[in-house]
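J.: The lines below spell out each chain.
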Amino acid sequence: MIKMQTSKGTIEIELDHDAAPKTAENFEQYAKDGFYNGTLFHRVISGFMIQGGGMESGMSQKPTRDPIDNEANNGLKNDIGTVAMARTGDPHSATAQFFINTANNDFLNFTAPTSQGWGYCVFGKVVGGMDIVNEIKTQPTGSTGGHQDVPIEDILIESVEVVE
Amino acid sequence: MSTLFISDLHLSAEHTDTIELFQEFMSLRACHSSSLYILGDLFEVWVGDDYIDTKLLPVIDALKEYTQLGNRLFIMHGNRDFLMAEQFEVLTGGTILPDPYVITLNGVQTALSHGDMFCTDDVVYQAFKAKVRTPEWQQAFLAQSIEKRREYAAAVRDKSKTHTSTKPHEIMDTNQSSINQLMLDLSVTQLIHGHTHRPNLHQFTLDNRPMSRYVLGDWYNQGSVLECDHNGCTLQTLESGSVLASVQSKVID
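Chains as they are written, first to last, in the numbering used here: chain A, 1 to 164; chain U, 1001 to 1253.
In short, the hints are calculated from the structure, not lab data.
None of the hints are false.
Distance ranges between label pairs, derived from CB positions:
id : chain 1 : residue 1 : chain 2 : residue 2 : range
1  : U       : Gln-1181  : A       : Asp-90    : 35 to 45 Å
2  : A       : Gln-61    : U       : Arg-1072  : 36 to 46 Å
3  : U       : His-1015  : A       : Glu-161   : 52 to 62 Å
None of these values were measured; they are calculated from a predicted model.
All C-beta atoms in this analysis are idealised placements derived from N, C-alpha and C, irrespective of residue type, glycine included.
My request is simple: use the sequences and hints to build the entire structure.
T.: In structure tokens:
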């Protein structure tokens, strides 16, 4: 299990190593390396999702490892409380940034192995601290340095630990 | 030469009378202006630049003719036609503006907005808006067939009608504190927006400075236009068949 300590409280996440082995391992490695410590939830949209794990305060992007393959064709759905990988327009471009769905986002699910249809890979779910997620999603946001929906007050990911 | 502002025309293939009124407006009124700003919801629905109903083609032609004469056309997304994009700009010669956008209008710093951002009390709508404006949602939506997109748009419209008919009126109106905040943030003394379909001029004081807020009317039964020149701005109503002899609306607060 993953214990994510944020400035708003603790979120517990269970990774799905069976359905998304490469993605779960990738996340666990970033966590073990301490990569997420000091990153932000930098994109917060209440009826959609909260995204973080790649930007530091001041919206500077942390250098990551190479992108991983998209495992969104694993049958897992982007439903409320699931955790999935963020990426660019290229389906196989996820690195460290992840998001927690705060709505049932069917349009993010895999539909076809094409650039438009790959969807976003779910690799875990929140098993504790959904109240913290709900608090984060309603924080006031603004635009900062070309990014929209950035919380006005930093929402810090203080540490991400792998616990047994 | 004047600057014209219109919004909330909600043009659709089903309402040819409004399309005709718009054509009349473009040929008889807009020709005396040098800039036209359309502040959102020009169309009732826009499922992507790759689908234009043939009945709406005269609208595109009228806009193109306007820009080809050397006039400037600016378009802002509304809550219904936010998928207008680059191809639409190419077809009309217009420029899509971000919302909000600040211009200097006859020496007055003026913010332009569609206006839906001020309806902050309607949290259901704001959550929906936030989602559909994301690149993830738009990419997934535009990847679907035109038929599927039209079906979805029709379903959203039906749902929106149910939602708005059961909502108290105050929720759907603008929130004054969010208006004040935006005007202070952008350092403007004038704001022009649409969306609420309640044409009016609101004058108030903020930080000891006089502020003006013009609300444009919708085009369901008649047209509405704000005309600005060096003498100031007037909010006018356009009756079909008498666009030239337009009636100046009574402005109250």
